[in-house]
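**Student:** Residues per chain are reported as follows:
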Amino acid sequence: MIRVHGAPLAGGFRVQRWTRVSIVSALLSIALVAVLALVPFLFGADVTEQLTTLLIFVILAVMWNALAGYGGLISVGQQAFIGLGAYGTIYLTQHGFTPYVAMIVAGLGAGAVAVPTSLIMLRLRGGQFAIGMWVVAEVFGILVTLDSGLGGGTGVSLNGLNVFAPGYRQAYTFWLTLMCATLLLGLVFFLLRRRIGTSLQAVRDDEGAAASLGVNVVRSKRVLFVVAAVGCGIAGALYLANTLFIQTTSVFGVQWTAYMLFMVLVGGLGTFEGPIIGAIIFYLIQAQFGDSGAWYFVGLGATAIAFALFLPHGIWGAVDRRLQLRLLPVGYTLRRLDAPARAGSDQPPTDA
Amino acid sequence: MNWVNVLLQGVLLGGFYALLACGLSLMFGVMRIINLAHGDIAVIGAYLIWVLVNQTSIPPWLAALLVLPVMWVAGYAMYILLLERSRRAGMLVPLLTTFGLAIVIENVLLQVFSPDDHSLLSSTGTLATSSITFGGLSISVFGVLTLATAVIVLTSLQAFLSRTTSGRQMRATAEDPDVAELVGINARAVYARATAIAVAIAGLGGIFLAIRQTFDPSTGPTQLIFAFEAVVIGGFGSQWGTLLGGIVLGVAQVIGAQVNPQYFVLFGHIVFLAVLASPRGGLLSRRGSAL
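Residue numbers (our numbering), protein chains in the order written: chain S, 17 to 368; chain E, 114 to 404.
For reference, chain S alone in the conformation it holds in the complex (with noise of 0.2 Å):
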């Protein structure tokens, strides 16, 4: 591990994390969070709910790259948590918690359920864990559609917000939303610059040679998963807080993997910064093509196909090839004393 952040190396190299740009950058986000929140002053409720929506597609898409571009798990069933998340919340709903609170201890109990799930999933690899994820996904949506006391099949409605008028609704689940967006992604942030970090990626490119070098791979992967199975249980909480009624089809459904999938590759797997850009695209395109039906869906999936294969890093991978940005660093730069910038540990997945 690296500790001499700064300090000169031999050769006339220097470990680099924070640039200029970085710090400028790092602060105008958290000067965006605060212009955020006043959103629901400045807007009307239909903006602020559309915005909620937006940063649940980001912190799914940020979980997903965390799992999928710094772990090396492609996931096709992170429904599960999100699943979870929103049952979790009418389960306690109707055990006497209040809304909010239920939804942030259903949140934190889909990261609970990881816990056992990763003691089997982990064991996989590659393909082999992406439709295992799959299988468990299925088995969690048959197991609520069972229970008819949260609807069955049929769906289910969040009651005990309609205490709230419309619009205060609106904002504060869109207040909890930028909340829990902001600590998930700096928990991302902040996991993927420490030790645990570094330790993922070298799992993530060569398994057996990380192992060699001392990094506890299970536990490596499992931090990681238990963490985006909390941020998918709440954003599926946040999805229901933010639609009021859920269905197991919907929610359990697979469609959300293909959401993700589009969102990280898109803005680039493996990058920090991406996802975030995705989630934005995608925002976008749902808003202007989401009602043709079908078609939708095939530029979806081609659209998919074609960054996988000929941009494999995405918009912002291209963009920080080329400009060497590093808005919010999560890996290092080495930096030529008496020369500019090339990019350090933080090189997105070529072969896992």
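Simulated from the structure, these hints should not be mistaken for lab results. Check the hints yourself; a few may be wrong.
Some chain E residues judged to face chain S by a derived CB distance under 7 Å, without partners named [what the hints assert, rightly or not]:
#, residue
1, Ile147
2, Leu194
3, Leu208
4, Leu209
5, Thr210
6, Val217
7, Leu223
8, Gln224
9, Arg284
10, Phe341
11, Ile368
12, Val372
Every residue gets a Cβ at the ideal spot worked out from N, C-alpha and C, and that includes glycine.
On the provided structure of chain S, position chain E as indicated by the hints.
**Tutor:** Frame of chain S, contents of chain E only:
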């Protein structure tokens, strides 16, 4: 006698799952690629035979014979257009692109054929419904035909891999593509051939799917999951394990349905997860050998 009947139904259902699974297993064995569009490719086969039977006057058995070469060519095209590049881009990329392909296939089918149920039941006469009674057991003729087809396909695949030059090249490439290239094998051609075979067998599975049940554009993912479960339960890389896995899955599902009709799929999933959790992980799994 009822439980013997249930068990028999499960075994016959297992034959169908084995048929769906052997293409998936072959592609993983040769290329280490898990094709997430496998189920949707089988559904393409189902729609192809449905169109041939309903839009033309071709008899069903001839239509079935026509579907297979079409799927074979589609498999070649899929390798050249999609998988060749994906495979070279790293381990994870084939998962991303085949999942993208699955989304595209499902939604093109949705656009072309509408979300309505389709079936070949009415065009195949009594084939799907007739059964023979034998000592109190009621045996579905189509179930036996499916299981027999699965056994024939698996036996032929086994013979192809161990007896023919092309099959031995495939095994060599699966073991070590670089060394295989050194001794003059064109790995790319071998991979394309393996994909073509896998897609053609998936199409065959689709034909049986179209006759045994109704299907719609969203049928594919379930078929992929069942096929994958059969492969995992049997143990990756073992041809006969695939058949055994399919049968275990089929029996588990049928027993589940006997307990409560809603438990049909759930019991299969639970057996799958139990096998994953077991220390061996797969009934006939062999370590170190790819095919």
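**Student:** Taking each numbered hint in turn, which are not upheld by the structure, reported in ascending numerical order?
**Tutor:** 2, 9, 11, 12
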